[in-house]
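Undergrad: From first to last, the protein sequence lines are chains A and B.
If you count the first sequence from 1, you need to add 153 to reach my numbering.
If you count the second sequence from 1, you need to add 153 to reach my numbering.
I should point out that these hints are in silico values taken from the structure, not numbers from a laboratory.
Keep in mind that the hints are not guaranteed to be accurate.
[As the list claims (entries may be wrong)] For the chain A half of the interface with chain B, some residues (derived, Cβ under 10 Å), not all of them:
hint: 1; residue: 225
hint: 2; residue: 236
hint: 3; residue: 257
hint: 4; residue: 277
hint: 5; residue: 438
hint: 6; residue: 440
hint: 7; residue: 442
hint: 8; residue: 456
hint: 9; residue: 459
hint: 10; residue: 462
hint: 11; residue: 464
hint: 12; residue: 467
hint: 13; residue: 485
hint: 14; residue: 486
Note that the structure is predicted; figures quoted are calculated from it, not measured.
A virtual CB, placed ideally from N, CA and C, is assigned to each residue, including glycine.
Protein chains: 2
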Amino acid sequence: MTSIDPLQTRRATRADVARYAGVSSAVVSYTVNSGPRHVAPATRARVLEAIRVLGYRPNAAARTLKVGLTKMFGVIVPDSSNPFFAQLGHALEDAAATNGYALIMVNFDGPPDDVAGGIRSLALRQVDGMLVSAQVSLPILSAIAETGIRTVLLNQFVAVDGIPAIGPDLYQGAAEAVRHLIWHGHTRIGYVGELGPGDQRQRGWRDALVAAGIPIGPMEPAGYSREGGYAAGQALLARDDRPTAIFASSDMQALGVLRALHEGEINIPGEIAVVGFDGSPESEYSWPALTTVRQPVTDMAREAIDRLLAPVESSEFTLHTTTLIVRQSCGCGMPPFAGSPLP
Amino acid sequence: MTSIDPLQTRRATRADVARYAGVSSAVVSYTVNSGPRHVAPATRARVLEAIRVLGYRPNAAARTLKVGLTKMFGVIVPDSSNPFFAQLGHALEDAAATNGYALIMVNFDGPPDDVAGGIRSLALRQVDGMLVSAQVSLPILSAIAETGIRTVLLNQFVAVDGIPAIGPDLYQGAAEAVRHLIWHGHTRIGYVGELGPGDQRQRGWRDALVAAGIPIGPMEPAGYSREGGYAAGQALLARDDRPTAIFASSDMQALGVLRALHEGEINIPGEIAVVGFDGSPESEYSWPALTTVRQPVTDMAREAIDRLLAPVESSEFTLHTTTLIVRQSCGCGMPPFAGSPLP
């Protein structure tokens, strides 16, 4: 055993840590790098204790040069303070940490060139992989290709040629929510969200109505915000063909709709029922509690990290199934907090 | 001019970028490293364009060894999906990005040893600075001291000897909220939150009552969650000395209280008024809209980053003033969305 002088000025080396912990220098390295070989938990604890006592600080930069890994993934999202992305970010971090990786999460919204700039700035930091949640466009795909870094696209709804992508099945999720409102007897079901034929939630809403022989209800465009949903809710209320139920394409929009209905002194769900989309924690505590479509956040996060780590890259596109969470805003007289996948 | 062959296999060098952009090699370096010298925006744009065209990728690891900077800060929070921390994280990223830094944000909750482990794992990644939001304890302070990395504590409410710290003025914020309820005529004002003399919000609540000569209202303990607030709200409703107003120490708790009151068919604010704390975006869209105390998230985030970057470290403790946001749940008949710092 070497005696430890707490006043020593020489920095502790890996050999010192190995000696103190009574293991080989390689085991110290496996512990610090979380691999490539497995280290038994008790041994790992001994090494970490030695690192702590000796104040050892491996030089990550030197390590990076040697093993070619920074053990870091970059993540690009449009808005990390949006509850959906806050949840997704946390789930990604959990999945990454399990594998010894940390995340650099950056926000880039707006024009595709901004997002492309974000991708390049992550590449400058030599991340080992990137997860990009953005609407696909040429500048973004070029930036990904340029970097040469393995990338998985998140929140996609169609396959992108040659690029690995993951997404929630927005189309089926929306259709299931609308079928549930139809099951409640509604025949005038409005839509709040993005317009345009490309939107999968709008398509799901429309196709569910058509399949049931119900006329296409009124639509109000809204961005993905509470404010957007609020304005759209007010607009739907003011219409002659006011709907008796509203499907909103995000929980934030649905919360805005609820506010517009409360202010209009509309009974929810008696006069107008509401269903949201996302399954965010706050949807459970709206009044009334929001029936919504839960996105498979944890599953998507795990798959995203697994695919960055897989020995062989696959450019497959995977769709994850959503779950209808039935609460009260749809008209179901469920007890508080219970939710089950009813029709 | 060098001609650019898109099929070249040799990787572009800094010299190539300099030649293509018509600048010196040093200017390329200043652009990539965001310093140490300033680069005019037009020149910077030219260099970035050259980097893009040539697919140049500076070796961050080599750069790190040379300049001793990874341009990265580490952030530890208890739960990045909590709306308050999601907002704080976004604000920190904005402030860091302005200075050319990226953030590694990690979640560590629970025992102090876990948080200390998180601090050590950030140190292994050679971050240039750390921001730690955790309840101060010996393992955490030791871990910070061991790493030798400049660290600022976030969300603190008392000075910690020798460690730079920033926090919101929870005491004054809570007292102001309770004074507002007293101004509305309430004399039985309950408290939902952490109990114990150390809690600044509880102290603010209590001292405001004492100062007004009002008896200390009922207290219900609750963790920082919607579920915790819900249970506490139900408990307050069941008491003989049911309060006519409730101060909750977070917005999430206040939303849980609102739900308990709605389910109990209590008129809000007619029978029971509610005030929250945080100023999270979702508080604005509760029903009724929540009167709350806004935490100075952006100011605290800016100061945290500025202090990590300051030439000289200061171990000062700064308290940031909160703002009362008056909406409807307190009994003010404000039009929707208006908020002003009334008494």
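Undergrad: Would the stated hint for residue 456 of chain A survive a check requiring a Cβ distance to chain B of less than 10 Å?
TA: Since the shortest Cβ distance to chain B is 19 Å, the answer is violated.
Undergrad: Does the closest beta carbon of chain B sit nearer than 10 Å to the beta carbon of residue 225 of chain A?
TA: Holds, because the Cβ-Cβ distance from residue 225 of chain A to chain B comes to roughly 7 Å (cut-off 10 Å).
Undergrad: Hey, does the residue 486 of chain A contact hint survive, CB to chain B under 10 Å?
TA: Result: violated, 13 Å to nearest chain B Cβ.
Undergrad: Under the criterion of a CB-CB separation shorter than 10 Å, is residue 257 of chain A in contact with chain B as hinted?
TA: Holds. Min distance 5 Å.
Undergrad: Going by Cβ atoms only, is residue 277 of chain A closer than 10 Å to chain B?
TA: 6 Å, holds
Undergrad: Do the numbers back the hint for residue 459 of chain A, that is, is its least Cβ distance to chain B under 10 Å?
TA: 20 Å, violated
Undergrad: Should the hint that residue 464 of chain A touches chain B count as held when the rule is a Cβ pair under 10 Å?
TA: Because about 23 Å separates residue 464 of chain A from the closest Cβ in chain B, which is outside the 10 Å limit, the hint is violated.
Undergrad: Given a cut of 10 Å on the nearest C-beta pair, is the interface hint for residue 442 of chain A held or broken against chain B?
TA: Holds, about 8 Å.
Undergrad: Is the hint on residue 462 of chain A kept, meaning its closest Cβ partner in chain B is under 10 Å away?
TA: 18 Å, violated
Undergrad: Does the interface hint hold: is residue 236 of chain A within less than 10 Å of chain B, judged Cβ to Cβ?
TA: Holds, because the Cβ-Cβ distance from residue 236 of chain A to chain B comes to roughly 7 Å (cut-off 10 Å).
Undergrad: Using 10 Å as the Cβ threshold, decide whether residue 440 of chain A counts as touching chain B.
TA: Cβ of residue 440 of chain A sits 5 Å from chain B, so the hint holds.
Undergrad: Identify whether the interface hint at residue 467 of chain A stands, where standing means a beta carbon of chain B within less than 10 Å of its own.
TA: The hint is violated - residue 467 of chain A has no Cβ within 10 Å of chain B, the shortest such distance being about 24 Å.
Of the numbered hints stated above, those contradicted by the structure are hints 8, 9, 10, 11, 12, 13 and 14, listed in ascending order.
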